[in-house]
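Residue numbers (the UniProt record's numbering), protein chains in the order written: chain P, 1 to 805; chain C, 1 to 132; chain S, 1 to 168.
Please note that the accuracy of each hint is not assured.
Claimed, not checked - A partial selection of chain C residues facing chain P, derived with a Cβ cut-off under 8 Å:
#, residue
1, Thr13
2, Gly46
3, Cys57
4, Gly91
5, Thr92
It should be emphasised that the hints constitute simulated quantities derived from the structure, not laboratory data. Cβ atoms here follow ideal geometry from the backbone N, Cα and C, with glycine treated the same way.
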Amino acid sequence: MSLPANVINSILPRPTLQDLPQNQSDIDNDIHYLLNWLSPYFPSDLAAQSKQRHNSSHKSTIAPSQRLRSAIRSCLKDDSSQQEFVRLYINSINREFHRFFSTTSLDDFEFMDYYTLIRLVLDYYNGCIAQLHLSRLVKNLFQRNLNALFQTHLIGSHSNSRFLGLLRDYLSSCLVTPLLESPTTHKNSHNPSKTLIDVITTLSSLNMTNEVNYILIRLSIQKIQKYVALNCSRVWDVALLHQISQFIQSEVYSNFSVIVAYSTDSGLADEINNAYLYELIKIAYDELVSLRIKEIFELVVSFPSSRIALDELYQCLLIKYNHDHYNDRSHHDISQTHNLINDVTNLTSFENLANYSLKTQSYQRSKLVETFIDLSHSHLLHSGSNTIDVITTYTKTINSFLIIDPKGVLLDKVVRPIRRYLKTREDIIIKLVHGLLDENDEAKLGLARELRATKRNKSTYTSESTNIEDGLDLHWIPDPIDALPDFKKGKVSDIIESLISIFDSKDIFIDEFTKLFGEKLLQLHNYDVSEIEEHLDLLKTRFGKGEFTMLDIMIRDIQESKIINEILPTGSSNPRFHSSILSHLYWTSLESKELRVPELIQNKFDDYNSKFSKLKRGRNLKFVPNLGLVKLNLKFKNRTMYFEVSPDKAAVISLFDEEENELSVDSIANKLNMSQYDVSKCLSFWVGENVLLELTRTLYIINDDEEDIPFEETGNSIPSISAASTESVGNKEHELIVLWPHLNTILENITSLSFERIKSLLKLTVPKEKMDLTTLKDSQLEDFLDWLVDENKILLSAGTYKLKR
Amino acid sequence: MKVEIVEWHAFSTWHWDIPGTGYEDELCGICRVSFDGTCPNCKYPGDGCPIVLGLGCSHNFHLHCIMKWLEQDTSKGLCPMCRQIFLFKEGTFGAEDGKKLQRLVDGHKATRERGPNESDQEFEAFDGQQVE
Amino acid sequence: MPRTPAGPHPFQRRLLKEYQGLVKANLPGITMVQHADTMSEYIFRIQVQHNPLYPENDRYYLSVRITREYPVDSPQVQFIKYEELDDEEASEAKIPIHPHIYSNGHICLNLLGDDWTPACSVESVLLSVQSLLGTNQVLERPPDNDSYVRHAPLNPKLTKFTYHDDDV
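With the hints as extra help, turn the sequences into a complete structure.
As structure tokens, this is what we get:
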């Protein structure tokens, strides 16, 4: 609720020109005359004129009359009366302003309308003032007051100033393209340059420079933000810093400097401009850093294709660090400029710019770490991810963060959650061990490469590990302030060391290696340990020479075996028999299973053993029959097949040597002292190789065809009795007709069979309930077979029966 | 079908030939390590770390272990396990080692034959000096 | 525990086996009170059962030190005056009175000297010492106790004992 004007006036008297006494004296006449001339105290019809963009031409153009001049002279003789006069004048103007602005609706005003309004008013008063011949001091007083009025009414409280909003839009539209381009290439048809300059000049004369600059800064920052977001988001393989500063120079700064040039004293223009440029670039880099912080996890995962972006991040952080601490000499000048500017021109807007980025480098660093750790928890360190992926990301993290921060402080922080997590993965050791030895890098861990690199870098590696104690190092400098308390300098860049150090002791690795190598050695059949030795040497450089005693012994065993095998006389060379001789206490992955090898082989072994005992006095050998490799030939009627198989398979197939009959799993298991399960496995192998045929679940027989007919798999091993086959037999039924389906199946599986074979097979496959074949006479069966031949079911040729197709 | 084995690569483990049952579990009484393993001084088992079979008392040891024991005068050439005079079987180790071992055994034998000459003495406390 | 020798013991494996064996065996009346990480130095508390000369409350502390030459050479064994920290019931620690045990803790035992072989072990020594006390009938010090103690070296292994008492 506002107080009525008269109440205000009674409290705060603001005498206006109207209050000047109406005397009839000469002086009064002068006053009157003057006042007459001055009125109206406000341009008339201002709103309409503004809209019509009228240029004012008022009292200023008309030369003052003699009478006026003398009136002015007499009324405004000295400073004090001038001041008094001006004070009253201002109060009148204030009233007018008030009246105008509170009654006139300017809601439909555009910016240029406002501008015209300002110009009209200014011109109006400037015209008046010019004639009054006031002293400079008083003139300044008037100006200042007038400016204050403008500010009050146009800007008021900044947040809802329509004028400022329009000013912002106007400036923004002007700054779309660089101002310094030639007008002909300018897209906007009307050339704003000149107008813009006029606007800026006018506003600065109104003491609104701060507002202008403030808007300008905000616009520039927005432009920078947009640019960075648009052009730098996810762009990681191109160097962007240069591009950014180019952009700022050409697009942002150019406008900025032009406008600043017109709004500040020219004396400091250059320095201010440099300072502004520097600050703008800094803001741009900060934007880039914020963007990269958001992208950090993906940056790491995309390593090495994101290498450039990471390097630039490092550079930005470095620049930031130097700025924050004013370490760089050139920036010392900048800081001086800062102070200079602040002192001389009191440009608060510049302070705004300089303080825009409140994020210090340490804030950026900690935000980077925080973001990465959060993202790694949600994306990586959970049970849904693959151990290999976690390891890979771990190595990538090391590589990436060492680019961002070579000292390793950030890496140290960021890597701790991953290390803790890796420890919980059960298969981590195995994966690491395999990865370290994986020549072909199937897991793409790159560890094998690193391991090989160790040897090359061995000299640097050892020198690094002899870190001078901090207390003795004369060149010691403290760790960065955000390093964690147990941060250890120096031991960062070695990825393998970093992986190994996750675990408390090397022993688990060594055990795993020993296991792995042991298994490899058991598969070795040519006694060539050179590859394994190479790997072992690499590991020794990493873990220590003396850590692999068991492996050393194992390798020695194989090497000695080779020599022994060369020394021992082999006797009859068919088959060639040789053995790897092991020191059993040191081969932990040795699994000995029972197996009865063919007699021939057993004899060979016994012979070998006695020769060994002669050579190595006091020692003898124990056979481990289930290990090794057997090379054998299988000679069929019309083909020979060569195989290299494990001993158990060889033993199984040896039972079929010269054996026409079928053998059951049970009997094989008994003969060879093997479990039924193992026997089945071996038999499946031979079936798969087309060597054996599976008659039933438990019976097998040699697959010996006369012709080379490819074997057709019978999925179900139980012979199915097809109803159709029963029907297709002829009218006169033979008494043994029930045997036909069985015989059919048999002949389907084994294309040709002799009489004896048929007899024995039928005895086995036909269930006793159907027919008891033990009492079957040969003649009866022969008869049946002949009948089948007559019925065109089967053929007889060269003593064997076949199915008729 | 004929099965023709061309080559058989086998695996076998070597063991010291020690008479008696359960030879795999037997330990050398001095170092308490299995015979098929090394004595504490050696890295590689086998020819480099042979064993010694006792002759009279059938106690066996690593060559290096028993030599360490026999080098001590206090051993008096006796078997550590049963305190009988220690004699060994030939055959499990090389000639040089054999000679060394024999020398030690002979040395003790000689001492024994020289006869006891100080067991009647009252003891005296010395400071670090042993008389022999 | 006092200074540890340089490097691992040549028969470290055996020491480990012996240590594990001692822990497992849980010999009655014999408790491992202290042991070094290297397993070459121990302190055992010995209590004697079924001998009124040595009531059960009496605790005797035996120090066992494995030397570099072990097991070819015997360990260094002697009684010591030892105070267990949290043992309120204990009467003052003392050296047991026995015809073969000197008041400085040195023991005259054949097993520790001439009759030592690598077949013996820490366990066998402990049992022998316990039995030494357990079978004793006479609560006396050795006849030459005072003169011995006056001139004795710190290390009982440097003493050349003669063992002429057959009921030891």
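Problem set entry | Indices of hints not satisfied (ascending) | Result: hint 3 breaks, nothing else.
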